[in-house]
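Undergrad: With the hints as constraints, model all of the structure from the sequences given.
Protein chains in written order, with my numbering: chain V, 42 to 372; chain G, 42 to 372; chain P, 42 to 372.
Hints are computed from structural coordinates only; laboratory data are not their basis. Keep in mind that the hints are not guaranteed to be accurate.
As the list claims (entries may be wrong) - No more than 27 Å apart at the CA atoms, straight line, and that leaves these computed lysine-lysine pairs for DSS-like: (1) P:Lys67 to V:Lys76; (2) P:Lys139 to P:Lys199; (3) G:Lys199 to P:Lys139.
What the hints assert, rightly or not - Facing chain G, from chain V, some residues (calculated, C-beta under 8 Å): (4) Arg90; (5) Val125; (6) Glu129; (7) Trp174; (8) Lys177; (9) Asn334; (10) Asp339.
C-beta atoms are modelled at their ideal positions from N, C-alpha and C, and glycine is treated no differently.
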Amino acid sequence: MQHFTAIENHSKKEIEELIESARGFKKNRFGTALKGKTLIALFFNPSTRTRVSFDLAMHELGGHAIALAPGSSSWGIEVNEGAVMDGEAEEHLKDVTKVLCRYGDALAIRCFPKFKDWKEEKKDAILSNMVKWSDKPVINMETISHPCQALAMMMTLKEKLKGFKGKKMALTWVYHPKPLNTAVANSAGMIASICGMDLAISNPKGYDLDGDYLAMMKGFCEKNGAKFSVSNSMEDALKDADFVYAKSWGPLSQYGNFKPHGNDKFKHWIVDKEKMNKTNNGYFSHCLPMRRNVKATDEVVDSGRSLIYEEAENRLHVQKAVLAKLIGGKK
Amino acid sequence: MQHFTAIENHSKKEIEELIESARGFKKNRFGTALKGKTLIALFFNPSTRTRVSFDLAMHELGGHAIALAPGSSSWGIEVNEGAVMDGEAEEHLKDVTKVLCRYGDALAIRCFPKFKDWKEEKKDAILSNMVKWSDKPVINMETISHPCQALAMMMTLKEKLKGFKGKKMALTWVYHPKPLNTAVANSAGMIASICGMDLAISNPKGYDLDGDYLAMMKGFCEKNGAKFSVSNSMEDALKDADFVYAKSWGPLSQYGNFKPHGNDKFKHWIVDKEKMNKTNNGYFSHCLPMRRNVKATDEVVDSGRSLIYEEAENRLHVQKAVLAKLIGGKK
Amino acid sequence: MQHFTAIENHSKKEIEELIESARGFKKNRFGTALKGKTLIALFFNPSTRTRVSFDLAMHELGGHAIALAPGSSSWGIEVNEGAVMDGEAEEHLKDVTKVLCRYGDALAIRCFPKFKDWKEEKKDAILSNMVKWSDKPVINMETISHPCQALAMMMTLKEKLKGFKGKKMALTWVYHPKPLNTAVANSAGMIASICGMDLAISNPKGYDLDGDYLAMMKGFCEKNGAKFSVSNSMEDALKDADFVYAKSWGPLSQYGNFKPHGNDKFKHWIVDKEKMNKTNNGYFSHCLPMRRNVKATDEVVDSGRSLIYEEAENRLHVQKAVLAKLIGGKK
Numbered sequence: 042m043q044h045f046t047a048i049e050n051h052s053k054k055e056i057e058e059l060i061e062s063a064r065g066f067k068k069n070r071f072g073t074a075l076k077g078k079t080l081i082a083l084f085f086n087p088s089t090r091t092r093v094s095f096d097l098a099m100h101e102l103g104g105h106a107i108a109l110a111p112g113s114s115s116w117g118i119e120v121n122e123g124a125v126m127d128g129e130a131e132e133h134l135k136d137v138t139k140v141l142c143r144y145g146d147a148l149a150i151r152c153f154p155k156f157k158d159w160k161e162e163k164k165d166a167i168l169s170n171m172v173k174w175s176d177k178p179v180i181n182m183e184t185i186s187h188p189c190q191a192l193a194m195m196m197t198l199k200e201k202l203k204g205f206k207g208k209k210m211a212l213t214w215v216y217h218p219k220p221l222n223t224a225v226a227n228s229a230g231m232i233a234s235i236c237g238m239d240l241a242i243s244n245p246k247g248y249d250l251d252g253d254y255l256a257m258m259k260g261f262c263e264k265n266g267a268k269f270s271v272s273n274s275m276e277d278a279l280k281d282a283d284f285v286y287a288k289s290w291g292p293l294s295q296y297g298n299f300k301p302h303g304n305d306k307f308k309h310w311i312v313d314k315e316k317m318n319k320t321n322n323g324y325f326s327h328c329l330p331m332r333r334n335v336k337a338t339d340e341v342v343d344s345g346r347s348l349i350y351e352e353a354e355n356r357l358h359v360q361k362a363v364l365a366k367l368i369g370g371k372k
Numbered sequence: 042m043q044h045f046t047a048i049e050n051h052s053k054k055e056i057e058e059l060i061e062s063a064r065g066f067k068k069n070r071f072g073t074a075l076k077g078k079t080l081i082a083l084f085f086n087p088s089t090r091t092r093v094s095f096d097l098a099m100h101e102l103g104g105h106a107i108a109l110a111p112g113s114s115s116w117g118i119e120v121n122e123g124a125v126m127d128g129e130a131e132e133h134l135k136d137v138t139k140v141l142c143r144y145g146d147a148l149a150i151r152c153f154p155k156f157k158d159w160k161e162e163k164k165d166a167i168l169s170n171m172v173k174w175s176d177k178p179v180i181n182m183e184t185i186s187h188p189c190q191a192l193a194m195m196m197t198l199k200e201k202l203k204g205f206k207g208k209k210m211a212l213t214w215v216y217h218p219k220p221l222n223t224a225v226a227n228s229a230g231m232i233a234s235i236c237g238m239d240l241a242i243s244n245p246k247g248y249d250l251d252g253d254y255l256a257m258m259k260g261f262c263e264k265n266g267a268k269f270s271v272s273n274s275m276e277d278a279l280k281d282a283d284f285v286y287a288k289s290w291g292p293l294s295q296y297g298n299f300k301p302h303g304n305d306k307f308k309h310w311i312v313d314k315e316k317m318n319k320t321n322n323g324y325f326s327h328c329l330p331m332r333r334n335v336k337a338t339d340e341v342v343d344s345g346r347s348l349i350y351e352e353a354e355n356r357l358h359v360q361k362a363v364l365a366k367l368i369g370g371k372k
Numbered sequence: 042m043q044h045f046t047a048i049e050n051h052s053k054k055e056i057e058e059l060i061e062s063a064r065g066f067k068k069n070r071f072g073t074a075l076k077g078k079t080l081i082a083l084f085f086n087p088s089t090r091t092r093v094s095f096d097l098a099m100h101e102l103g104g105h106a107i108a109l110a111p112g113s114s115s116w117g118i119e120v121n122e123g124a125v126m127d128g129e130a131e132e133h134l135k136d137v138t139k140v141l142c143r144y145g146d147a148l149a150i151r152c153f154p155k156f157k158d159w160k161e162e163k164k165d166a167i168l169s170n171m172v173k174w175s176d177k178p179v180i181n182m183e184t185i186s187h188p189c190q191a192l193a194m195m196m197t198l199k200e201k202l203k204g205f206k207g208k209k210m211a212l213t214w215v216y217h218p219k220p221l222n223t224a225v226a227n228s229a230g231m232i233a234s235i236c237g238m239d240l241a242i243s244n245p246k247g248y249d250l251d252g253d254y255l256a257m258m259k260g261f262c263e264k265n266g267a268k269f270s271v272s273n274s275m276e277d278a279l280k281d282a283d284f285v286y287a288k289s290w291g292p293l294s295q296y297g298n299f300k301p302h303g304n305d306k307f308k309h310w311i312v313d314k315e316k317m318n319k320t321n322n323g324y325f326s327h328c329l330p331m332r333r334n335v336k337a338t339d340e341v342v343d344s345g346r347s348l349i350y351e352e353a354e355n356r357l358h359v360q361k362a363v364l365a366k367l368i369g370g371k372k
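TA: Written as structure tokens, this is what we have:
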């Protein structure tokens, strides 16, 4: 394991080992596996949980984290090799990467898509170029996928469900007034299908996740002998589900052309008690932040079946597992 | 002691113990009382001294501090329970609080009032709700009161005066072109009256501090057999004072309706040498930042009776005392 | 050595000792020389490398760094003693400095000129006043000079060249669409001349560095029996050079009056392979950030003679040397 940039780059076995390692860190929070190691974390977008949990993950294992926010205070960054930099960009990603590799032991990056052109953004240029130019491990803290969140979700399920085989996960779109990133949905569907769950995705017509991602999820399900479906009915997806994962995202086809209130006709796409009653006494979760009573009702979010805080806490533990694997002591 | 959110929640005895503890930390700056502990500090407003002194307080006792600035880079935060979050807020304070409690051992928050409606802001909704939802200690780094600053002021007086009984503190309004928070004045008056000093407050007509706060101060003074007065004459307040504490604040009745240059007629409310000459060779202090030659003259600020740097330094020591008491080792 | 604010305040011997110390830290990155020490670093301007390398320098030697960005979130700072602070500034530099000295063991500051009036900015008021009011060492992280960058450059040359005597450094202006600070050029020319290299500066007519700085460089060269020249031909400067240091800067005479595209006629001032061919198989470097294919071509920057990453890495090591000298353990 050289980098941690997308969940689909890792086998079921590797994922299970990371989760086992994370469970160990949950039992023993402090250690020395990262003594003398430094993580340099680049935030092109805001962050609360990710910033705190990575900082703590390093610190509690004897290491050190430095968070930078190039987006907020600074010059643009050029990504394309060979570019004549006579525009706004003051610095080339190649140089940023190569210098930070001299200072730190691992790099982490958060860089959301700009919702301009999905074809372009799907290339994940900053992350993939950083990997190309880095001789240190690179960790994805959310670009067009969010493998750390997915790993935390899966660890939480491991703690709650008895095995993944034959268990149904409903990954459902929910309403949000703004178009959001598909990253969490991509990685959540991917890890569930890799790990052998049945996967039922639901979203309004026109809101399908990227076809290549869906095809990969379908392929993993087939390989595992698990069910896979995409529908336009939240009720269908939630029926008999053991786990409901809610997330909103903007329609890929409308990138660059989002309309104000364009989502408003889908306000009924909210996870409420009535819909949860159709599940197999299912658990509920959502990555944070989450708009209450818009994406899911307080009744669902605050119920005994809600895993939102457990999943958020597990970010800390899985990130320790990833860091220990990538740059930990005994390598 | 479960939280540290307002000075009036603490007895004279508790305050004196904190000051004694702080004096110990002043003598021995380094220790291990906070080993393995993490403070998560949320800054909705700018900070220099508070940020540095809390970071150092944790670090020098073996702990770790993480500072977040949700205000500068980020989404709004919803405070009201049950809200339908279809506006600007992306995240509910309940969720922020409950997640940060999974990561850290104590939370600290700075969140100034917005000068819109004192009745509303007096509820201190963010702080009080955070306390409600937190299962870890919460520390007030300045909302509508500023107990850490008050504690530092009182520690400084403890070092300079022989006892508090019969000693007169003048808490006086001074000119500032902008309306400021009443937090420091509230907490300064409160701690002085709890600790048994005579308290003489002066401010222009219409600039009285909140009546409930004044009533509490008066009550503490009466209980301690100490004098209490509010007047519109700085000269009266300063007469024979052993200590002059200067602070500016905006008139509560004009919240939401501040006029540019509305304070300008009170430019003579400045602490100068002439006024200090009326005191009992009194000490002077002011929390920082402070506009020189507007709130007090350089002559006063740089004199041998000025305690501004000592008070600022003591922030570090009292915060160690608070942290050690709340989350320190032997609990 | 009390402060580290300008390279011309240090003798050749002192510089060589710092470089030797830095080479030691390069071999043994971790140590305890700064145990229990805290650096407070004030960034009035953005920073990536400087922020990371100072943080790491402290951390890897057992110390602690706190970075503040007063510029981004905050109140103005008054610099002039005696000022009546009834304008925008909420805080006086004297008070900031004196308080931070109570908290930390050393202060560091980055504060670029504002390109309004070189005569005024040449006084470097913030830095020089901070030194005046500080009883702790002050480090310049780039104001109107950049001694840390210069030291890193010189350490890199020490690693590559066999001695400095008789070696020619070309310090050449290169095109950039915006007017930039002369700080790096000032300090680079100064350190090379102090250390005994021949120095050939080239820039377009009207772009001469400040006369006092040039006179100092000339003086050092003469004292060392080395050559010194300023010309308007990059080709002349690069001829037979052992080292080419590229940098762009805005013309001092046009401070306060910069014209958009005012530099555009000098787009041919770029370091390319053809020009490098005229050197004595010279090395190339540039501080980062650097606009590729505008200041220098990829061919030059990515060649085996390019030292840009080595110089950036050496920032870490020289800063450890400076910090250890100023506040290190055995003092």
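Undergrad: Indicate, hint by hint, whether the structure satisfies it.
TA: Status of each hint after checking the structure:
no., hint, result
1, P:Lys67 to V:Lys76, "holds, 19 Å"
2, P:Lys139 to P:Lys199, "violated, 38 Å"
3, G:Lys199 to P:Lys139, "holds, 22 Å"
4, Arg90, "holds, 6 Å"
5, Val125, "violated, 31 Å"
6, Glu129, "violated, 20 Å"
7, Trp174, "violated, 26 Å"
8, Lys177, "violated, 23 Å"
9, Asn334, "holds, 4 Å"
10, Asp339, "holds, 6 Å"
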